[in-house]
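Residue numbers (our numbering), protein chains in the order written: chain C, 1 to 139; chain G, 1 to 94; chain L, 1 to 550.
To be clear, the hints were calculated from the coordinates, so they are not data collected in a lab.
Even glycine gets a Cβ: it sits at the ideal position worked out from N, Cα and C.
Hints may contain errors.
Simulated restraints, written as ranges between beta carbons of each label pair [what the hints assert, rightly or not]: (1) G:E51 <-> C:K5: 44 to 50 Å; (2) L:E257 <-> C:S115: 30 to 36 Å; (3) L:N258 <-> C:P28: 24 to 30 Å; (4) L:D21 <-> C:D8: 32 to 38 Å; (5) L:I501 <-> G:T80: 23 to 29 Å; (6) L:D137 <-> C:E24: 39 to 45 Å.
EDC-like mimics (lysine to aspartate or glutamate), calculated; alpha carbons at most 20 Å apart, straight line [said to hold, decoys possible]: (7) L:K292 <-> L:E223; (8) G:K68 <-> L:E223; (9) C:K95 <-> L:D477.
Quick partial rundown of chain C residues pointing at chain L, CB under 10 Å, derived from the structure [what the hints assert, rightly or not]: (10) S27; (11) I30; (12) I37; (13) N39; (14) F60; (15) Q77; (16) S84; (17) F88; (18) P94; (19) Y104; (20) Y108.
Residue-level listing of the chains:
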Amino acid sequence: MINLKIIDLLPADALKSENTNLLENISPKILSAPKIILNFPTFMDGRAFSQARRLKRAGFKGDLIASGDIGADQARQYALVGFSSLHFDRPHDPKVIKNNLMQYPVSYQKFNADSKVIYENRLNKKTAQLLSGGGSFSG
Amino acid sequence: MNKSNIKPLAQQIMTANRLKDGTVVYFTGSRWSTEIHEALVSDDNEGLEKEALKNIENEDLISVELIKVDANKSQLAPLTMREKIRSTGPTIRC
Amino acid sequence: MYQYDAYDHNILAQRTAEFRDQVQRRLDGELTEEEFRPMRLANGVYLQLHAYMLRVAIPYGTFTSNQLRKFAYIGREYDRGYGHFTTRQNIQFNWPKLIDIPDILEDLASVEMHAIQTSGNCIRNTTADQLAGVAVDEVADPRPYAEIIRQWSTLHPEFANLPRKFKIAITGSEHDRAAIKFHDIGLEIKKTDQGNIGFKVLVGGGLGRTPIIGSVIKGFLPEKHLLSYLEAILRAYNLDGRRDNKYKARIKILVLENGIETYRETVEKEWQEILQENYTDLPIAAQKLIFKHFEPPEYDHKPKSIISFDDYYKDQKDFARWINNNMHDHKVVGYAAITISLKPIGGIPGDISSNQMDTLAGLADIYSLGEIRSTHEQNLVLAHVHKDDLPALWRDLDAIDLATPNHGLVSDIIACPGLDYCALANARSIPLAQEISNRFDDPARAEEIGELKIKISGCINACAHHHVGHIGILGVDKKGKEAYQLMLGGSANENASIGKITGRGFSENEIIDAIETVIETYLKIRNDGEIFIDTYNRLGMEPFKEVLYD
Ligand code: SF4
């Protein structure tokens, strides 16, 4: 199961990255920050998902905080792209978050060395017995 | 003030879709009906909206809106083609 | 074709349970409509004019007879006894109740089907050439690549809230039957002289308010890097695509505003980083597992028919007509692919009843390895029919009104649902298609006219691709009345072009006559051997304008 903190207050010492910042070139100052906040100004605005991926790829090891108009039903999504804390604008049900985090223990995409990704399970002798099908037409 | 500039207020009714099944419904003044001819016609938009919204909660409705109608005809008819089709169903099959 | 393993099944089972819970929370009042709306859209549930609509994904337009039987069942059990095939190879149901949809999704999951990402600002179902795997002119079968994209894009957390929807199409042939130049990403499989497989990648094509032909962003992308390159395109778009204006949010505008050169550089830079990270491209072994599902079937079918194809073709005029118009050559000698027209004269384009679906599923089992394809032109295809079975198949199809011999002809019209169903429409499309079809109901006249693509959209969203119809019709709202703009000269294939407006629009009463005028004019001025689009390309708009507005 993925670990994700729910925080009530945004830490004052965290670095805020603007939602329009593409994070193409990431300075050492940003990389070494203990905490970074990425913002979802509206639920429909998914830029911070890609910004999180870029930060993690560049080697950011601190606390990555998703804040703004985020949803409890998307908790796992935030975790997968690299967020470690969530700060909600809206009321949210901890039960929903917990359920969401336990869903889809493996996914089709790989994001880091520890990702549990389906194609690797298919290739692994121990987990491959779950395979079926292949090469035939079903009637 | 020049009186001729004041247009007569349009006749309106309130419509919505039922959350659980999507069915088109109209506000009758006290409840929501699937029959457009039962709709309450009013030129008092605000009053109508207020009254209708009061009756929403236990009905679970979505897409609630006011639409213009022609109430002078013997049959209550929406003014736009969109609302006409919405009230009678697709014109191509039943 | 692809068969799910336990991992694929698991994803669907969880997704269905998740949505069941979300629907319940909505009904219980725990979720507002504003919160619930993106959740239902992510599962293909729209609110249309009269009811909810459920759009079911058909990955790259290939499905089995069992899946078709399930569509028939859903149509009968939860809907009004029919379904509607769309221009993106999907099927949609027009009357499901929200409270039934979790059950419908469970039924679908039992046959490896779902409605994930058939709506919303995410990567939609990848579409493909309907003759994939059997086309004579094919470099390689696009379906395994489409399946690789399907898996990678399914529930991709990073790309769930893009600036706007995102559509990918892929073809393995130079002759483009998948309209790849009008997709956010178009992929054409290429083979080098050394025999290496890769893709020509196009980006930024699309229709809607601003129709644009896609530009080549990469001439040759080696096949093993398909996913990493797609990811680079998507990430650059997700970060930098416009979000201030819905009508400028598609990737085509980003490419247009930055220029393809600049955009290519941005993507290239991002791609190099992804390659270094090396999490995205499938390892060869994993790719092979997917390819195994698409090995060509055994073509050792023993025809059931006792009628000889040649004799029947000579004697039966209607059969011959169907063969001439609806049959396609097949890679394997002795076999053919057949278009099953969902455009009966006077019918509703793309609609099919549950009873027809059930019978057709049986025919697919007998004659075509139990497999069916849907096309972006709203027809179906049986892709593996032995030629000697064609007479029997034709008679069986004719009995359920599915043997209309009009593929590619005047009555093979693409029409969106329009104002009869769609909440966004300005005008109706379907009745127009029906009237045109009735007006040109004589099959001899239709053949005389030759290949003609008519496409009718009920609003500027262009779901029926009207810009790329040889004759395109766009429904507009003129002071509360339905009116129609006429366009000529569009084409969606490898010679892509965008149609031009003839002039002022037409009323509902005038438009059918206007179309007949255009067609009659073409017949008068065409050269031998020309089809409509050739004549238009040779002479342009003038001769048509003259007669339309004199
Ligand atoms: S083109 Fe417009 S009217 Fe037609 S289906 Fe699309 S959105 Fe609806």
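Checked hints:
| no. | hint | in the structure |
| --- | --- | --- |
| 1 | G:E51 <-> C:K5: 44 to 50 Å | holds (47 Å) |
| 2 | L:E257 <-> C:S115: 30 to 36 Å | holds (35 Å) |
| 3 | L:N258 <-> C:P28: 24 to 30 Å | holds (29 Å) |
| 4 | L:D21 <-> C:D8: 32 to 38 Å | violated (25 Å) |
| 5 | L:I501 <-> G:T80: 23 to 29 Å | holds (25 Å) |
| 6 | L:D137 <-> C:E24: 39 to 45 Å | holds (42 Å) |
| 7 | L:K292 <-> L:E223 | holds (16 Å) |
| 8 | G:K68 <-> L:E223 | violated (57 Å) |
| 9 | C:K95 <-> L:D477 | violated (48 Å) |
| 10 | S27 | violated (16 Å) |
| 11 | I30 | violated (16 Å) |
| 12 | I37 | violated (17 Å) |
| 13 | N39 | violated (13 Å) |
| 14 | F60 | violated (14 Å) |
| 15 | Q77 | holds (4 Å) |
| 16 | S84 | violated (15 Å) |
| 17 | F88 | violated (12 Å) |
| 18 | P94 | violated (13 Å) |
| 19 | Y104 | holds (6 Å) |
| 20 | Y108 | holds (5 Å) |
Checked against the numbered hints given earlier, the structure breaks hints 4, 8, 9, 10, 11, 12, 13, 14, 16, 17, 18 and satisfies all the rest.
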